[in-house]
Amino acid sequence: MSFNPLEHRGIPLDRQLRNWRELDVEPTDPDHADPYTRCRIITMNGIEVEALMFSHHFARQCPDMEVKRKLAEIRYLEQQQQKVVNWLLPGTASALETTIAYEQVAVDLTAWVARMEPDPYLTQAYEFGVLEDFDHLYRYANLYEMVQHRKAEKIVDGLTEVIPGRPTKYHHRHPADNVRTPYDKSTAAPISKLHALTIMSAEQQTMNFYMNVGPQYMEPIARQLYQEIGLIEEEHVTHYESLVDPGETWWERLVLHEYNECYLYHSFMQTESDRRVKAIWELHLNMELEHLHAACDLMRANDGREPEEVLGDSLPEPVTFEPNKEYLRELLDTQIDLTTLGEGYVRDAHERFERMQAAIHGGEDPPSERVIDDHAALFDGADYRLSTEGAHPVEELRR
Amino acid sequence: MTGVKTADVVELLIGQHMRIRDLFTQVESTAGKEREDAFRELVCLLAVHETAEELVVHPEARRVLEGGDDVVEDRLLEERQAKELLKRLDSLGPDHADFLPALAELRAAVLEHASYEEQYEFRYLRRTLDPERLAQLADAVLVAEKMAPTRPHPGAESATANLAAGPVLGLYDRVKDAVRSALSR
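Residue numbers (the numbering used here), protein chains in the order written: chain A, -1 to 397; chain B, 82 to 266.
Simulated from the structure, these hints should not be mistaken for lab results. One thing to keep in mind: the hints can contain errors.
Unchecked claim - Not everything, but these chain A residues come out facing chain B in the computed CB check (under 7 Å):
1) THR26
2) ASP29
3) HIS147
4) ARG148
Stated by the list, open to error - Straight-line distance between alpha carbons at most 27 Å, and here's what the computed DSS-like set of lysine-lysine pairs gives:
5) LYS149/A x LYS257/B
6) LYS164/B x LYS114/B
7) LYS152/A x LYS257/B
8) LYS257/B x LYS164/B
Since the model is a prediction, treat every value here as computed from it, not as a measurement. Every residue, glycine too, gets a C-beta built ideally from N, C-alpha and C.
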């Protein structure tokens, strides 16, 4: 099982370009695909988008023309990878259906990372965030039944529960309280760096997705809910990106990005249930190996360091999409009333938090509350829930 | 759909699209009598839904949407193709070895057709028509639904239940006649 990407060669860069026919992938089925296949597609799209935007930012501040050209060459290939991955999503699924799948990713991916993370401060950051994504899933599921007359269980397929988490209205914190303490690049375990990059990328893609699809809806409550949760995604990106040590050099960060792509494609290749999609993960892993080697060469030449100094000697355990129901219920039971103060976590609604809450809500219920009331008005006074493991662990959140 | 208050034709038709989508899954995942029943229900719902669209929604789209005639022509072509596939399925019967592949073909065609309607027709109708007109159209679609119950119960030999019996293309015609006469009343 142990796999060290530094010891394997992939498809040479000059043979990676795909033509239109090769880019034209057949999408997955909206009703029959494994929900976790859809989760892996959404995750890898977020990873690819981060890889190529990182490369753009790097290029914008890089005066060396040779390096700029190398970055452009690899970035074009990564754009092709992104096109293939994201185009696996079917056009017959609505944006709201894809949104619910995005939240399923946020819940089960973040929960898995929290369980595997060795550093307790970082674990706390993931545990804190996952209870918010968990609540977003519940709010969007209520919107889904209202506007599309369908239950979110058809999408999450019973793998993830849809019940209230930390109420969305309490996610609106003062932006300064979203900045966390970064890990220390010289002492952090390689897996911690990969986790931070993965969750940051996933949340960033979610932020971008909501800012673009939100205005496509006509129903006022849908437009408003996307605005509200879209602003929380801004908070989440701030939260997770601040975990990354800003002292890492651009070369080091490039290597980490490429290494993380190898890690995730390798992980998903091992856990994928859809043979056709699995073949894409395998192909992309073989492309990423060469992107990684090119990044390593740049690091050696420009940083005068060996990539082995920042990477482990083999890939960690594969990132796995699996139900995390018991784990999430434990977090609901113990961490639902947390908020942040400075770089830490507290249970009190402190002054800066209260001020932000008063300012953003303006004395009214936010869209995330109204969507539940509107749903109740349409559906016999009840909210939509998918609860498979018994009563809600928090008494006040039971029906 | 129980417990849902529907006041808007677009909402009603989207709800039917979702039921159609779920019924396809039900037909695929069952066998024997259960599959037979689910397939009948699917066929009835498709007949009612497409008829309602043809008689109630498409004419309205032609009238109020810019380029409405062309949009509707595209939809009608898809509907004709779907009907051909449905005819083939009906002649095969749910136990035939070719039934599932043919059903998959019909499902893909119907889901795509429904997506196009939602994207290119429904959202513009909602933008163009006032809420009262949308509610009126919803009532007309509900009339169509009453004409042909989508869950025919064996033994209930009413005039409406009889609509569901017999070959599917005949069913389409019978539903259409029933809705026409209801609308002209």
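We went through each hint and held it up to the structure:
no., hint, verdict
1, THR26, "violated, 13 Å"
2, ASP29, "holds, 6 Å"
3, HIS147, "holds, 4 Å"
4, ARG148, "holds, 4 Å"
5, LYS149/A x LYS257/B, "violated, 31 Å"
6, LYS164/B x LYS114/B, "holds, 23 Å"
7, LYS152/A x LYS257/B, "violated, 32 Å"
8, LYS257/B x LYS164/B, "holds, 14 Å"
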